[in-house]
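A.B. asks: Here is what each chain is made of, one letter per residue.
2 protein chains.
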Amino acid sequence: MSDRPDPTPIRPTGRTRVRRNHARADYERETVHAILDAAPSCTLAWLLDGAPALTPTLHWRIGERVYWHGSSASRTLRRAAGAEVCLNAMILDGYVLARSAFNHSVNFRSVTVFGTAQTVSDPEEKCAALRAMVEHMVPGRWPGLRAVSARELKATSVMWLPLDEASAKLRSGGPVDDEADCALDIWAGTVPVRTAFGAPVADPKMSAPIAVPRHVLERFARG
Amino acid sequence: MSDRPDPTPIRPTGRTRVRRNHARADYERETVHAILDAAPSCTLAWLLDGAPALTPTLHWRIGERVYWHGSSASRTLRRAAGAEVCLNAMILDGYVLARSAFNHSVNFRSVTVFGTAQTVSDPEEKCAALRAMVEHMVPGRWPGLRAVSARELKATSVMWLPLDEASAKLRSGGPVDDEADCALDIWAGTVPVRTAFGAPVADPKMSAPIAVPRHVLERFARG
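Taken in sequence, the protein lines are chains A and B. Just so you know, we're using our numbering here: the first sequence kicks off at 1 and counts up by one. Just so you know, we're using our numbering here: the second sequence kicks off at 1 and counts up by one.
Please note that a few of the clues may not be correct.
Since the list gives no way to pick one copy over another, a pair counts as held whenever it fits inside one copy or between any two copies.
Stated by the list, open to error - Computed list of lysine to any residue pairs in SDA-like fashion (alpha-carbon distance at most 20 Å, straight line):
| hint | residue 1 | residue 2 |
| --- | --- | --- |
| 1 | Lys205 | Pro123 |
| 2 | Lys154 | Pro123 |
| 3 | Lys154 | Asp185 |
| 4 | Lys154 | Trp187 |
| 5 | Lys205 | Asp122 |
| 6 | Lys205 | Pro139 |
| 7 | Lys205 | Asp185 |
| 8 | Lys126 | Pro192 |
| 9 | Lys205 | Arg11 |
Note that these hints are calculated values from the structure, not bench results. Note that the structure is a prediction, hence the values are computed from the model and not measured.
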């Protein structure tokens with residue numbers, strides 16, 4: 001599947017057209033892809049007896065599809081299969097501290113996708129999707145792993161949504177205060193937020209010491 | 001409102017009883033409170049024409065209630081008012097790298113709350129809730145801010161859910177690999193994840209230089 005994004009923006013629908021602060025909306029596929037690729041996790045909404053329910057989960061992307069997985073016995077996945085779901089991935093980039101409580105905000109990048117959850121049933125396609133999951137989490141890790149067994153594949157459900165009904169919403173920059181407030185003796189500004197990683201902690205169950213591999217060090221360079 | 005948690009655990013319902021990996025479930029109020037207080041943001045699920053929709057937002061807690069806010073004109077808030085919603089806040093604590101793709105996981109702390117969204121209509125109660133929001137974001141910031149105006153209060157909707165139907169789910173520790181896999185020559189372990197803050201960036205619209213106040217430096221100590 002080619003990963004070169006279609007240059008045509010995603011067409012907003014009644015559900016994905018951003019209404020509040022619509023200047024912050026973005027329907028470019030490249031923006032949607034970049035946010036999904038950068039977000040470590042997402043939240044999936046599904047219907048439980050007619051009411052909304054939420055499950056945080058890991059997601060990954062292959063082309064114009066966003067994937068997630070779970071136990072084949074999971075209630076979330078069984079209820080979501082073939083049903084309308086909504087997926088949101090949000091990255092918090094900063095706190096925006098204004099002169100008034102009202103103008104406090106956060107900088108963020110967010111993607112919301114609506115659609116009918118599809119299930120991957122073909123075992124080879126499922127295995128390829130799980131490979132993409134591991135490679136999204138830690139690029140370069142898959143080739144060195146113990147091969148996936150038939151039992152593990154069966155115990156895993158992999159699902160996806162097409163990125164047809166998707167939108168991004170972003171905020172960046174400093175506080176937007178009322179002009180009169182800017183003369184007040186109040187410090188205002190932004191505080192950048194980022195994800196940092198600690199040093200890898202080796203599993204004590206290793207029978208002999210194994211050096212932390214380069215793919216782990218590179219992915220989780222401390223910052 | 002006293003903030004000493006009721007020592008009685010929250011009674012799980014059909015919706016909040018954790019089914020998968022139920023050893024990771026926690027219904028203690030103190031756990032639920034601590035996760036909600038530590039999570040910088042949450043995701044809110046609501047019904048849009050019978051299908052689930054998602055909105056990431058900031059939340060805060062006062063006693064046994066979790067609050068969020070938005071524009072009074074917001075579609076999310078208008079649809080959520082008086083309706084069944086679900087709120088989830090998740091903190092990613094680490095990547096768990098196993099010997100098999102199947103046993104890869106993440107360490108996390110998550111809270112899910114179900115209930116009927118309530119609206120704060122009393123202006124004084126709304127103002128107190130917004131104060132709690134700012135103090136949750138940056139303790140010590142509220143007293144120095146320009147006072148909230150009647151227009152701003154009117155333009156803001158504040159909503160809440162009781163923490164009656166809530167549950168926490170947590171994972172910590174290293175990979176849980178098949179015993180036979182532990183002899184393989186594959187590095188396994190965990191990589192801790194945390195939120196780090198950059199140096200505060202002053203808003204260039206300040207008419208004279210103002211030092212970064214202590215409440216900002218203390219809240220966002222770089223890490």
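A.B. asks: Give a verdict on every hint.
C.D. replies: Checked hints:
In this assembly of identical chains, the alpha carbons of Lys205 and Pro123 never lie at most 20 Å apart, being 31 Å within a copy and 58 Å across copies at closest. For the identical chains of this complex, Lys154 and Pro123 are intra-copy neighbours only, at 8 Å inside a copy versus 55 Å across copies, given an alpha-carbon limit of 20 Å. In this homomeric assembly, Lys154 and Asp185 never come within 20 Å of each other (Cα to Cα): the closest approach is 63 Å inside a single copy and 26 Å across copies. For the homomeric pair Lys154 and Trp187, neither the shortest alpha-carbon distance inside one copy (57 Å) nor that between copies (25 Å) is at most 20 Å.
For a Cα distance limit of 20 Å, the shortest separation of Lys205 from Asp122 qualifies neither inside one copy, at 34 Å, nor across copies, at 58 Å. In the homo-oligomer, the alpha carbons of Lys205 and Pro139 never lie at most 20 Å apart, since the shortest distance is 24 Å inside one protomer and 43 Å across protomers. For a Cα distance limit of 20 Å, the shortest separation of Lys205 from Asp185 across copies, 12 Å, qualifies, whereas the shortest one inside one copy, 58 Å, does not. Within a single copy, Lys126 and Pro192 get their C-alpha atoms no closer than 38 Å, and across copies no closer than 28 Å, so neither meets the 20 Å cut-off.
In this assembly of identical chains, the alpha carbons of Lys205 and Arg11 never lie at most 20 Å apart, being 51 Å within a copy and 37 Å across copies at closest.
Checked against the numbered hints listed earlier, the structure breaks hints 1, 3, 4, 5, 6, 8, 9; every other hint is satisfied.
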